[in-house]
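Novice: Residues per chain are reported as follows:
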Amino acid sequence: MGHCILTVDDSSTMRQMITFTLKGANFEVLEAGDGVEALEVAKGKKLSLIITDVNMPRMDGITLVQRLRALPEFRFTPILVLTTESDASMKQKGKEAGATGWIVKPFSPEKLLDVVNKVI
Amino acid sequence: MSRWFSGTLATGPAPVLEAMAPEDGWREALLRLAAREATMLEGQVSFLTPELLQVDSLVREAAGTLEDALKTLNKSVLQQHSLAREVQANMSISLEGDDHTGEAASISNTIMGTLDGFVNHMAEISGSTVKLVEQVEDIRERSERMEGMLEELSEIAGRTHLLSLNASIEAAHARQFGAGFAVVAGEVSKLADRSTALSANIQTQVLGTRQALERTDAHVHAIASKDMNVALQSKGKSEALVQALQTSNWIVKDLVTQLEENAKNITQQVGHVVRSLQFEDLVHQTLMACLKELGNLMEQAQAWQALETKLEAGEPAAPALASLEARLGEIEAARVQFRAVKSGSLAAGDVDLF
Chain A
3 MGHCILTVDD SSTMRQMITF TLKGANFEVL EAGDGVEALE VAKGKKLSLI ITDVNMPRMD
63 GITLVQRLRA LPEFRFTPIL VLTTESDASM KQKGKEAGAT GWIVKPFSPE KLLDVVNKVI
Chain R
32 MSRWFSGTLA TGPAPVLEAM APEDGWREAL LRLAAREATM LEGQVSFLTP ELLQVDSLVR
92 EAAGTLEDAL KTLNKSVLQQ HSLAREVQAN MSISLEGDDH TGEAASISNT IMGTLDGFVN
152 HMAEISGSTV KLVEQVEDIR ERSERMEGML EELSEIAGRT HLLSLNASIE AAHARQFGAG
212 FAVVAGEVSK LADRSTALSA NIQTQVLGTR QALERTDAHV HAIASKDMNV ALQSKGKSEA
272 LVQALQTSNW IVKDLVTQLE ENAKNITQQV GHVVRSLQFE DLVHQTLMAC LKELGNLMEQ
332 AQAWQALETK LEAGEPAAPA LASLEARLGE IEAARVQFRA VKSGSLAAGD VDLF
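These protein sequences, in sequence, are chains A and R.
Take the position in the first sequence, starting the count at 1, then add 2; the result is the number in this note's numbering.
Take the position in the second sequence, starting the count at 1, then add 31; the result is the number in this note's numbering.
Treat the hints as calculated values from the structure; they're not laboratory data.
It is possible that some hints are incorrect.
[Unchecked claim] Below are the BS3-like pairs computed for lysine-lysine, each with C-alpha atoms no more than 30 Å apart in a straight line:
| # | chain 1 | residue 1 | chain 2 | residue 2 |
| --- | --- | --- | --- | --- |
| 1 | R | K162 | A | K25 |
| 2 | A | K113 | R | K106 |
| 3 | R | K323 | A | K95 |
| 4 | R | K162 | R | K266 |
| 5 | R | K266 | A | K25 |
| 6 | A | K120 | R | K102 |
| 7 | A | K93 | R | K323 |
Turn these sequences into a full structure, and let the hints guide you.
Specialist: Encoded structure:
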């Protein structure tokens, strides 16, 4: 059974690009448009990795990371933040929330797969 | 920001208020300028908002087009991979039934191995033929020696005949005393005649045998020579065939390498497209920030319009301006001034693992 990855972004284009890249490397991919939907999609799933944006409607990425870390089944699941934000203070917030890594948009497929394979 | 509020709006009194509040002449001037600025700001916002929305719409449309291009490109890559595999499969001709291990190199090796075996086998046959020739030669020599012996036998028979003749003459001279001797001489003469006839007969047979051996010898020489020629010619033709096969194999290998190289390039291009497509998200976030800022500008303009209305209605200038100042302070405080997208290019961003 392959790895299942959840990608969370309010931009459908970003979700498609991430999904395209990951599926090309034989990963199973689930999608969510914001933090609220992500929590619903993740419920009961065995996820190998979660990739989330920061600025999203309803629930932002940092809050999502905090909420996921509060759930026992996702306490140790790698979570990568993929965002346009590159400020050190914002990164620190992500780190404190429990994120595994920080990737600044735009991503290159090769680099993303490299990071994904490192953290899975 | 209006030039009337060059200082900090939210903190401390604006210098312009202290300067103009008591003067009626300033009031009119302020009204004119405020109305003018409000109209200008509204005009700018009304112009900018649909422009920015249009940019957003165009960018999304461009993203859709790029997505379609990406799908087509991906399909082409898969098709190319499939073609490359097909070329390889066509060149993998097995010599061992369902065992698909017989690629061109293995075919060449098999043919060369078979040919070597064939040539070695022919060489062995040729070697045996040479030995056969030697054996034939030995028989021929023995036959020649037998001919010599037969000649000697003929000579003995001749002398025996002469001896019996002399014995008969002597028996005649001895009259009745030589009668028995004459019988013996007659028998010796008959034996000599039979010996001569037998010798001649054997000589004929030996001659025939020698001639047959000579013909056999000629045939064996011809076969030995022909075997090697045929083997060598066959080997030469087969080597040429193998060479042609190897050349064809190299061509196909080169073609497959080119196909793979091309596939790599296409994959790289797909990577660029994936990275480039993310401009939709980046631009969208930038535009949303711009629209928010434009909303602030609109609220500022509306605050100015409120001032104008109050002053036209004859309200005292000082509280009206104070109200405007307060409103502008609220707008300023509510502004979230952050750049949604820091990167000005579509180069891949940094990665930081905690």
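Novice: Taking the hints in turn, state whether each one holds.
Specialist: Right, here's what the structure says about each hint:
1. R:K162 / A:K25: 75 Å, violated
2. A:K113 / R:K106: 23 Å, holds
3. R:K323 / A:K95: 24 Å, holds
4. R:K162 / R:K266: With Cα atoms ~25 Å apart, K162 of chain R and K266 of chain R stay inside 30 Å; holds.
5. R:K266 / A:K25: It is violated: about 54 Å lies between the C-alpha atoms, which goes past 30 Å.
6. A:K120 / R:K102: Holds: K120 of chain A and K102 of chain R sit about 28 Å apart, inside 30 Å.
7. A:K93 / R:K323: Answer holds: K93 of chain A to K323 of chain R is near 24 Å, not above 30 Å.
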